[in-house]
Each structure stands twice: as C-alpha cells, then as structure tokens.
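Start from chain H and add chain X according to the hints.
As a plain string of letters, each chain reads:
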Amino acid sequence: MAEALLSLAGVNTHIGQYHILQGVDFEVPRAGLTMLLGRNGAGKTTALRTIMGLWKASAGAIRFDGREITRTPTPDLAQLGIGYVPENMGIFAGLTVKENLLLAARSGAPDKKRLDWIFKLFPAMQKFWNGLAGNLSGGQKQMLAISRAIVEPRKLLLVDEPTKGLAPAIISNMIEAFKELKRTETALLVVEQNFHFARSLGDAVAVMDSGRIVHTGSMAALAADEQLQTKLLGLSLESHQ
Amino acid sequence: MSAAAKPLAQTPVAALPGERLDWIPLALIPAIAILALPFIPSLPTWVTLTVAGLAMGMMIFMMAAGLTLVFGLMDVMNFAHGVFISVGAYAATSVVLAMKASMQADSLAANLSAILPAVLAAMALAGFLGWFFERVVIRPVYGDHLRQILVTMGGLIVVEQLIHVVWGPDIIPLPRPATITGSFIVADAAIERYRLLAVLVGLVVFVAMWLVLNRTRLGLLIRAGVENAEMVESLGYRIRRLFIGVFVAGSALAGLGGVMWALYQESVNAQIGMQVMVVLFIVLIIGGLGSVGGCFVGALLVGLVANYAGYLAPKLALGSNILLMVLVLLWRPRGLFPIGKA
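Quick mapping for you: the protein sequence lines, in order, are chains H and X. Per the numbering used here, residue 1 is the first one in the first sequence, and the count goes up by one each step. Per the numbering used here, residue 1001 is the first one in the second sequence, and the count goes up by one each step.
The reader is advised that the hints may include incorrect statements.
What the hints assert, rightly or not - Facing chain X, a subset of chain H residues (Cβ under 8 Å, in silico):
id	residue
1	Pro29
2	Leu54
3	Ala78
4	Gly81
5	Glu87
6	Gly90
7	Leu102
8	Leu103
Unchecked claim - Here are the simulated distance ranges between beta carbons:
id	chain 1	residue 1	chain 2	residue 2	range
9	H	Lys56	X	Leu1116	32 to 42 Å
10	X	Arg1334	H	Ala224	22 to 32 Å
11	H	Pro123	X	Pro1117	34 to 44 Å
No lab work stands behind these hints: they were computed from the structure. Glycine included, every Cβ here is placed at the ideal spot set by N, Cα and C.
Pulled out of the complex, with its shape left as it was, chain H reads as follows (with noise of 0.2 Å):
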C-alpha cells in the first residue's frame, strides 16, 4: 500500500492553558480528497493551522511526502508544496486580485496556462484583474482565496470551510470548481460545514470530536448510515442538505 501524503500520529496542540487536539491520527492519500467533519470546537481548523505550522504540536509526528514536518516553519511547508485557504479566507484587501496572484507565484509571474486554468475555473478572477480584493464579494474573495492556492502546482491543498457564508447558488458552482481541483495531481484535505458539499465530493472523511479523531473511512459509507452520522455528529446528512 502506497505511502500516505500526510499522516498525524498522536498530535496535540496547546493553545495557552487550552488542550485543544488530544492525540490526532489520521492520514490524507496522495489523491482525492479528505473531509474533514466534526462538530463546532472539535478541533479541525486547530489540525489544519497544526499542520500548516501555525500553531505547533506541542507532541506527536506529522508526516508529509515521506519526511517529517512537525516543527518545520510555515514559509518551508509552502516551498514543499502545501496550499492553505484559512477559514476567514486570509486574502489582501489592500492589494488588487492580480497582486495577491502575483505574491503567490513565488518563482515570479504566474505560468500562463495555469493563469488561463484559474481564469476557466474561477472567471471573477479575469474579469476583476485589476480591481482591489477587498472590494469583491463573499464568494468572489473564497474564488480568490483558493486561485490564490493553486496559482502554483501544489501537493497538497488544506482548504478550512470553503462554503462559509455562501449563498446556495454560490457552493454549487464551488462544487462544480473543487470536482475540477480533484482532477489534478493535487490531493485535497478540506474542513467543512456544509454536509451536502462535503457527500457531493468527500472520497475519504475523518471525524473529529472533543479533539481526536473518532471516525475514519469512505465519505460514501458515512453518507449511506445515517445512524453513524448521527452517532459522529449529532444529526443526520439527509436533514442538512
């Protein structure tokens, strides 16, 4: 069996006097893409912030593409090719759609095709070029954040809750935009709310709760038991779509 792209083995993290995760184990393959589920506090942004070295485990192993990167500073784990959109999107309001493209090609200009690609995938993008970011709308800003990921090829892409706060109309077409994201080499870990998005595209899901992971396995399993959706998150798929 092929070597997972990411693995957590017993990670806790601190935050001040707070124990927030308790020993997380999970891993993310090196395609498709992984939920990320649980209950509000359970703990998944902390993960995503954990693995992005945001925050720091303060015990446990993270994993990633075979070396470990448990203490490995945030700017290096961007370089070995982790994408991260944080939950409050974390884009520059001060700075033009192509400023916050452009600070994200590292190498300098984006590369064409894949500037053409965003621009398929996310038009706003092209169409607002040259308009300031924090003048977009809610939805225009999460198209950003993710473009803003992806403006470089990358391995692995941590997304936290790309549907918050988007209107229904919005996260159909984001789901229609992430089908697009899984078709490329890039393997996908995402945090989410929304548990019709999450059926619609989770291959793989992990469950959090109180901090651990509780439940492992395919996304079309936990979605056909609705007793075990009950059991992980307090309610069923069907009642929340």
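Chain X in isolation, oriented as in the chain H frame:
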C-alpha cells in the same frame, strides 16, 4: 488540468473599483493652507509659514515613516524609536564636528563632503541600533503590547544614558553648512534655504518609499505583510527576515530624520528624539497606523497646523496638533488612510 468547470461567477456584477486614490485627505493640505490665508496679515508671511510648515512636516515624516511601517508590519509599539533619532543626530554631529572646516567652507562641494558622510554615519548607526533592538529587546515580546511598551521605554532610558556616557550631558551646538544657511527672498517672502532642502529631501524619501512599496515585489510583500503576516508566511515567505529588514530600514530613516531635525534646531541633546515622539504618535494616528501615505499626509498637516497656530496663537501650538488629531478621528476613526489588518 482537464476541461474547465462550470464558471463560478455567472451572475453579472458591476465593475469593481480598482486602486482609486482617496483624494479627500490629500485635499486637506491645500485646504488648510488656504483657510489660514485670511488670518495671516500678509501674503509673504503666509508663504514663509507655509514653507516652514511643509519643511517641518517633511522632517516629521522622515522620523515617523519607520515607526508606522514597524507598527503596521510587526504590530510593535516601539516607544524607543526616539533613540534612533537621537543616535542618528549624535553620530552625524560627531562626523560634522570632525570636519568643521568643510562645513564652514563657502563651497557646496566642501559642505557635501562633510554632510554626506555624516548622513551615512547617522543612518548606519541608527540602523545597527535598530537591528540590535529587534533581536535583543523586541523579539522576546512580539504579540504583547504592554510588555513592548515597558521594554522599549526601558531601552530608551538605557540608550539615553549611554548617549550621556559617550557624548556627555551637555547640549552640543550643530551649525548648519555655510551654503544652506540663511534665506532668500521670493516676492517679498523670506524662504530659509535649509527648509527648502528639508522639503526636497522629504519628497525624495517619500517618492523612494512609494516606488519601493508600489512598484517592487518587496513592496508588495511589505504591504501584504502589514495586512496579514501569517498569510504571507503561508505563501512561502519568511516574514521574520522582512521584519528585520523593515525595522533596520525604519531605524535608519529615523537616523536621517534625526540629522535633519538636529540641523534644523542647530543643536543636539540626548532627548532630541524623545521630544518629538508625541508629535510622531499624533502623526501616526492621524495618518492611520501602518500607512506610509497616511503618515506623509498626517506629517504635512501637523507641520502646517503647528506653524500657522504658532504664529497666530503661540500658546495653542502643541494643543493645535491634538485638536487636529481629535477632528480627524471624529471624521475617520481609524485615521486618514486606514490599513485593513486581518
């Protein structure tokens, strides 16, 4: 990459504004100058006061620009910024006093041969001190404003005492070079040569900073870092190196401002930097914390208002800046050009 997905933004949307210049705060500068005109008895006096105000504003800008960038990018309240100004002024004084003959010569080339090394020495020493401060004093207290205030105030006291040890406690006279001493008359208005030079140097510094911030990748990184340092790191950039670079550059700029301010006052003392800190903080608040453009406009407004008020109602001179700050904050609570920090 395979075929494109269904376009995400299908609904038509209005054109998005680009980087529009917010001209209203800029218009305040001529507006204040024009408003002051009827209260000043003669046009030549108004011209003299306006040039003096602009010169003062430019010198304040040079001293404050580093402070606003450091606050914006690093979220550091550096109350010790004044010592970079003082140390710059003293370093330049040492060079200038060693080259007294060149300073007093009636030749621009001779004057420049003393002033340029003095300016370089001031910027180098202030920049080095900034690097030392960042590593030793500020690095342990990133993210903790209260401790930043305490340790930087402590650092300020220590360096002030070291200045007494190295240069002595007395005020040191610092005569201006012969070629930029005195004034010339334009349409009955007396324009001091030094003040005109200060305006020119300030403009050069502002244009250089504007070009770096808006026309280079380094500037793009700094502007992004001011908004969201964590995201810049997540994109693969070592923000810490940028922090140090900006801190050193800001300190060196304070050193340059210190030279200009000392030559303006024609003397130096250990408190020269600390004495202007209140004005610098007023400028930063008026301009919007972290904004270089705001700092520039704020400094010019403070310079003009201080000079007009100093002439019309001398007792209100310092209070006028506080009043200006209050009025600006009532109008724009986050300053003239607020930075949207994440």
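Hint-by-hint comparison with the structure:
Of the supplied interface hints, the one on Pro29/H is violated, with its beta-carbon coming no nearer than about 20 Å to a beta-carbon of chain X, more than 8 Å. A cut of 8 Å between beta carbons decides the hint on Leu54/H: the least distance to chain X is about 6 Å, and the hint holds. Because the closest C-beta pair between Ala78/H and chain X is about 3 Å apart, less than 8 Å, the hint holds. The beta carbon of Gly81/H comes no nearer than 10 Å to any beta carbon in chain X, farther than 8 Å, and the hint placing it at the interface is violated.
For Glu87/H, the interface hint is violated, since its Cβ never comes within 8 Å of a Cβ in chain X; the closest pair sits about 11 Å apart. Because the closest C-beta pair between Gly90/H and chain X is about 4 Å apart, less than 8 Å, the hint holds. Proximity of Leu102/H to chain X holds as hinted, the smallest CB-CB distance being about 7 Å (cut-off 8 Å). The interface hint given for Leu103/H is met, as the beta carbon of that residue sits about 6 Å from the closest beta carbon of chain X, less than 8 Å.
At roughly 47 Å, the beta carbons of Lys56/H and Leu1116/X sit outside the given window of 32 to 42 Å. A C-beta distance of roughly 52 Å is found between Arg1334/X and Ala224/H, which places it outside the suggested range of 22 to 32 Å. Here the CB-CB span from Pro123/H to Pro1117/X is close to 58 Å, at odds with the stated 34 to 44 Å.
Hints 1, 4, 5, 9, 10, 11 from the list above are not met by this structure, while the remaining hints are.
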